[in-house]
Amino acid sequence: MEIGFTSLAPLLPEIFVAVGALLILILDTTAGKQGGSSRGYLALTVIFLLLGLVGAIVQLGGDAQTTAYVVDVDAFSLFTKIIVYTAMLLTAIAGGGYLNQRISGAAEFWSSYLFISVAMAFAASANNLLLIFVAIEFLSITSYILVGSLREDLRSSEAGLKYFLYGSVASAIMLYGMTFMYGATGSLNLTAIGVAFAENGELNGAIVPAVILVLAGLGFKTSLAPFFQWTPDTYEGAPTPVTAYLSTASKAVGFAVMARVLLLAFGSSSALWVPVLGGLSVLTMFAGNLMALRQTNIKRMLAYSSIAQAGYIVLGLAAVVNTSGVDVATLSMNGLNGMLIYLMGYLFTNIGAFMVVMAVENMSGGSDYSHFTGLARRAPWLAISMFVFLLSLVGIPLTAGFVGKFFVFGATVQHQYYFLAAMALINVAISAFYYMSVARLMFFSTEEGAPSTGAPGIGAQATVAICVFGVLWIGIYPPMIIDWANTASRLLMTLF
Amino acid sequence: MVPLSWYLIVAAFVFCCGLYAVLGRRNAIAVLMGIELMLNAANINLVAFWRYGVAPMQNLDGQIFALFVIAVAAAEVAVGLALVISVYRNRRTVNLDDLNLLKG
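Protein chains in written order, with the numbering used here: chain Z, 1 to 496; chain V, 1 to 104.
What the hints contain is simulated information worked out from the structure, not anything from laboratory work. Some clues are possibly wrong.
As the list claims (entries may be wrong) - Here are the simulated SDA-like cross-link-like pairs (lysine to any residue), alpha carbons at most 20 Å apart as the crow flies:
| id | chain 1 | residue 1 | chain 2 | residue 2 |
| --- | --- | --- | --- | --- |
| 1 | V | K103 | Z | R155 |
| 2 | V | K103 | Z | V46 |
| 3 | V | K103 | Z | A31 |
| 4 | V | K103 | Z | R294 |
| 5 | V | K103 | Z | Q295 |
| 6 | V | K103 | Z | N189 |
| 7 | V | K103 | Z | Y166 |
Given these sequences and hints, build the entire structure.
Written as structure tokens, this is what we have:
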């Protein structure tokens with residue numbers, strides 16, 4: 001295969017976005033001492049992300065193909081890429097104004113923002129250990145910068161440093177695990193590694209350390225227990241829009257890479273990692289939910305909630321049906337499609353929730369529970385939207401959260417992991433307490449909340465409306481998203 | 001010839017030293033040095049596996065990977081030091097125990 005201009009065509013969406021990022025940097029160097037208009041950079045960011053999203057949607061119709069040896073453009077990676085671009089786009093539209101008021105270098109920020117989108121798109125579609133490592137590092141290093149981008153804010157720089165230290169340790173550990181995968185099989189390609197592991201039983205000794213080390217690195221990205229300690233600090237200290245994409249896009253990419261590595265490279269030894277994932281999942285759910293109960297800051301509560309949600313999502317991966325002997329096409333719940341549906345629903349739910357938090361922060365100056373007290377009287381639509389997102393986080397029927405949970409838990413029951421399913425249901429019950437206590441504060445509290453001024457910007461309003469629509473649409477009429485997730489998951493499952 | 005296992009043992013030792021620095025030291029710079037050691041342990045592994053592994057020297061995968069890791073490590077240190085400096089300017093300390101604004 002030649003690498004030329006035509007063979008790079010499947011990468012066009014990423015190329016667009018990367019060009020946009022470079023364009024912003026060039027515009028800034030030519031803008032002189034004043035610096036360019038931060039609104040202009042925001043507009044460019046939105047335009048190029050839109051180009052990327054449209055490009056990815058156009059590619060959906062095409063066949064699966066491998067570009068430049070290492071990038072798989074197929075239904076599974078496109079699903080993840082669309083999650084990534086949608087999340088980044090919604091966050092930029094809603095949070096752009098908020099960020100531009102606070103950050104000092106708008107050009108650097110928005111160009112890093114576009115570069116992160118590229119990195120996530122590559123991580124989601126990499127089929128090679130080298131590209132996975134480089135893309136994840138690219139994504140993480142740029143995220144460290146964005147988390148710490150409010151230089152004057154003590155919390156932001158502290159959050160950035162903590163995220164950096166945890167993150168780079170995790171990726172060093174993951175890299176060490178990858179070296180064993182390479183050493184045992186002599187290849188960096190995930191499929192080739194999978195074949196070598198399946199054919200040669202002697203290599204089993206290398207699988208255990210490799211799985212554990214790689215899971216430690218990816219578990220950090222997806223904030224699974226016991227690697228979640230950075231999550232609440234980082235989510236609380238980072239600018240809220242950055243938190244919104246960290247909790248959705250970055251997490252979705254972590255799960256996509258995890259699914260690809262586990263299924264393609266370690267597919268033959270699933271008996272080994274399924275119990276590990278199940279255990280991690282139970283630990284994560286309990287840790288997230290129990291810690292969330294005692295929070296008084298909404299961003300921190302949502303951070304612990306996102307840890308708990310990661311626990312539910314990883315159940316889908318633990319309950320992946322082994323394709324040997326089973327016709328994949330006949331299964332409606334293969335675990336992996338549950339994970340994808342969950343991630344798509346979670347995208348709208350969590351971005352929406354964080355954008356409401358951001359709007360309240362803008363209006364009342366903080367994100368403690370006291371700022372949400374009596375929100376229904378001050379900003380009824382925000383309160384109602386927040387209520388929809390909270391319902392979806394609990395998993396009440398007719399919301400996206402329910403459909404995701406239904407498919408994930410359904411897959412565990414189908415696999416007769418009754419213990420895991422029971423633990424998950426107990427956790428859903430626990431989580432209802434703290435989600436609903438926020439709803440109670442917003443609607444039924446008679447206390448006077450923090451005073452607020454102004455109204456959320458038009459971008460934030462539009463994004464919250466889109467997110468409410470997305471949550472209800474997936475919740476009420478899910479067939480389209482289910483079909484789509486089925487196609488994506490089958491593709492990956494026929495590969496191993 | 002030095003057998004493969006010796007390289008792996010050295011790498012494991014370096015990795016453990018790095019992990020010890022990361023977990024045991026409270027100074028952000030020392031932790032950063034620990035992370036560097038861990039990345040370099042991976043590099044030793046990669047090059048050793050490339051030279052003596054299952055398919056020795058058939059292609060350049062291992063070496064290229066090691067080169068990429070070196071580049072990534074440099075980028076990581078640059079960003080890491082920038083974050084440490086930004087914390088130091090605000091707080092006049094880089095001791096991790098003193099960074100306790102965010103907790104709970």
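Are the Cα positions of K103 (chain V) and Q295 (chain Z) separated by 20 Å at most? With a Cα-Cα distance of about 10 Å, the restraint between K103 (chain V) and Q295 (chain Z) holds, given a limit of 20 Å.
Satisfaction of hint between A31 (chain Z) and K103 (chain V), Cα-Cα up to 20 Å: violated, 41 Å
Does the alpha-carbon distance linking K103 (chain V) and R155 (chain Z) stay inside the 20 Å limit? Given pair K103 (chain V), R155 (chain Z) holds - Cα atoms ~11 Å apart, limit 20 Å.
Would you mind confirming whether the straight-line C-alpha gap from K103 (chain V) to Y166 (chain Z) stays at or under 20 Å? Given that 20 Å is the threshold and the Cα spacing comes to 15 Å, the pair holds.
Pair hint K103 (chain V) and N189 (chain Z), alpha-carbon separation not exceeding 20 Å: violated, 41 Å
Would the hint linking K103 (chain V) and V46 (chain Z) be met if the CA-CA limit is 20 Å? With a Cα-Cα distance of about 34 Å, the restraint between K103 (chain V) and V46 (chain Z) is violated, given a limit of 20 Å.
Hey, K103 (chain V) versus R294 (chain Z), does the alpha-carbon distance stay inside 20 Å? The hint holds at about 12 Å.
Hint violations for this structure: numbers 2, 3, 6, all remaining hints satisfied.
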